[in-house]
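What follows is the residue order along each chain.
Protein chains: 2
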Amino acid sequence: MKKIVIGQAGGPTAVINTSLVGFVESSIKNNLLYGVLNGYEGLVKDNLIELKDETLDLVKKHKYIPGACLGSGRYQLTDEKIEIAVNNLKKNDINALVFIGGNGTMAALQKIKNVADRIGYELQVIGIPKTVDNDLGMTDHAPGFASAAKFVAFSARDISKDLESMKNFEQVRIIETMGRNAGWLAAASGLLKESEEEGPHIIYLPERKFHTDEFLVDIKNLVKEYGTATIVVSEGIKLDNDNNIQKAVVNGRVVLGGVSKRLEDIVKENLGFSARGENLGMNQRSFSLATSSQDRIEAYDVGKKASALIDNNETNVMVTILNSDIKGYDYHLESCLLDKVTSLGEKALPNEFINNPQKYYEWLRPLIGGDLSPYPSVPGGKTNYAKQCCIFK
Amino acid sequence: MKKIVIGQAGGPTAVINTSLVGFVESSIKNNLLYGVLNGYEGLVKDNLIELKDETLDLVKKHKYIPGACLGSGRYQLTDEKIEIAVNNLKKNDINALVFIGGNGTMAALQKIKNVADRIGYELQVIGIPKTVDNDLGMTDHAPGFASAAKFVAFSARDISKDLESMKNFEQVRIIETMGRNAGWLAAASGLLKESEEEGPHIIYLPERKFHTDEFLVDIKNLVKEYGTATIVVSEGIKLDNDNNIQKAVVNGRVVLGGVSKRLEDIVKENLGFSARGENLGMNQRSFSLATSSQDRIEAYDVGKKASALIDNNETNVMVTILNSDIKGYDYHLESCLLDKVTSLGEKALPNEFINNPQKYYEWLRPLIGGDLSPYPSVPGGKTNYAKQCCIFK
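Residue numbers (the working numbering), protein chains in the order written: chain H, 1 to 393; chain C, 1 to 393.
The shape of chain H in the complex, shown without the other chains:
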């Protein structure tokens, strides 16, 4: 019987609660479970609730609901605050700490573990991967990403179809996706494309340098060829010589978003086309109707795996998803040391995918599950995916 604290951190996903429920349902029988409220802030403020009876039922009820039901949030952990957090855990005789999160979370867990070691406090520390950006290293992908990718892919396909009908009114749409430094999500937007004429036509990634002049030439050529241009940009692309994008800073973190509106203005001013910037916004990480069935299954399983790691007395590790890519898709779960994850930093979209979009989509398709038909109401509807028709820049 261990006393375990579980928390959620960073931006939520459509399936972060599924991972929580996967963990809780696996470990509740033989352990005392506590939830920490509002992520790391709750550790520092010693804000724990025991998960039993009503609180346990409430958590279970959230299995299919977006958002982080324990509260997540963003919170700057200083060295001093980490000391406080560790002392709080020690005071409560906690044996294990589990957090569901991304790169920042894995780094924080490692720091907590270091402080605990230094003061001779035996604390198991386990990370459960979660990110819509898919920028977490050592794992083939992380839960949350596939559902976000599905939302982005359908949005780009459907918004592009809508634009095609409106040629005489509007020529250019610039769709903005999440992805601060990694282009996985932006790149997913071309997944459902069936022909070269269809959008999205070009996808601009944060991994490559963005040149406004080239962008304008691209748009001009696309409108000339197809009558419309549907463009996708990651929120993280950097415009050259441009300081016109409003950036907000909250709790020390720069909030991105706005590059599509700026590009809308640039297209209007320079090319005279009617253009519209579309930021896909918070729906990317939460829209429940776009949840990938495969993502849901894996999200539950990584929670369950974390519980097994605690039973096996492992520590300082993150659950990883490995893709045994021999014939078809078959994932299995392992674990790896936290310092391997943190030393890698944010995982960018690799060149082998940037240079070969079709290869990227072959990798991505099974993650989205058996619900990939772009005609969701057609029983058994099939699709001929276009070969080599998306351009990543």
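Simulated from the structure, these hints should not be mistaken for lab results. Some clues are possibly wrong.
[As the list claims (entries may be wrong)] One-sided and incomplete, this derived list gives chain C residues near chain H with beta-carbon spacing under 8 Å:
(1) Ile159
(2) Ser165
(3) Phe169
[Claimed, not checked] The following label-pair restraints were derived from C-beta to C-beta distances:
(4) H/Lys61 <-> C/Lys45: 29 to 35 Å
(5) C/Val217 <-> H/Thr212: 41 to 47 Å
(6) C/Glu214 <-> H/Tyr329: 52 to 58 Å
(7) H/Gly272 <-> C/Arg180: 24 to 30 Å
(8) C/Ser293 <-> H/Lys60: 40 to 46 Å
(9) C/Lys52 <-> H/Asn355: 41 to 47 Å
(10) H/Glu269 <-> C/Asp93: 44 to 50 Å
(11) H/Gly272 <-> C/Lys268: 29 to 35 Å
(12) H/Glu352 <-> C/Val217: 53 to 59 Å
(13) C/Glu196 <-> H/Lys60: 19 to 25 Å
(14) H/Lys340 <-> C/Asp57: 50 to 56 Å
(15) H/Gln358 <-> C/Glu225: 50 to 56 Å
(16) C/Ile119 <-> H/Gln358: 53 to 59 Å
Note that CB positions come from ideal geometry on N, CA and C, so glycine has one too.
Given chain H, work out where chain C should sit, using these hints.
Chain C in isolation, oriented as in the chain H frame:
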């Protein structure tokens, strides 16, 4: 055997192609069908294609795809252009003209009919209703609306759940929906709400006067009570004494969008909360994963009904959907004179719904079909909808 022209006009919906296919499949056997490209522009430019063989197959293939596959668009019809359009139809010996559209389309059809009558050209004119705004009179509702409402309802619920988890980072989200003069779509955002704590908390409609001062007090009180505030605004609300919203004019039409960003700034400046404006954008009228199954059925049926009206030699009418509201939901189709539709103008959300949100949701729920569970992955998942918990302003 009649020669019939069918066209699509105005902003597309997720099911406008379903109506087209409903019409085409019903009338192809006994008639010669032509599609007009890019809405009214195609009438003026005499841009018709015969629907047979490949073109017919292509149309049928679009049954479940968003956007208007014949091309739609916006086009200003002057008296002179209407004369040209009518002369083109006459020259081609067209017996019937069918258009799928909203208020503007019904007015245009009526003008075309008037010119045809004046010159003694016998032309049947039939309108098929379509609008995401639901502002078309004489019909209980119009195809396209329910799918848009479903997208808005899930977005508001899910974005609100996401925000609840991020209390320590972000307090206010302002979600902007379509609805130039009618609040049907904005009001739909509260459909999935299960308790007073959940968002959306307040929905601001274009039918009511918006007061920025009161809005700020509302936000302050909500954050005090719940920690966060999720607000929905129709794109059509008018801020008092505020000229800071960018408006674009395309083809003589003011393109709305941007009020949520302006309100974001106002909240930040006046209350110091972290706030985010979210425009739900073009996904509202196109996102295929949110298509309502009931909307799909009715969209097909109104197309079929238009074909029957032509067989019956009716003219100058629009297909209408009547809700035989005796016990449960049961719709049937009728027709009404175009001038009755146009004389009513844009249909606002009525006071009986504005003053009683619950009554509105009871009316709306069956239109969204049997796919209303907010936990779409739960087999048979049930929901206890909150009573009287949304505020319309």
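In rising order, the numbers of the hints this structure does not comply with: 4, 8
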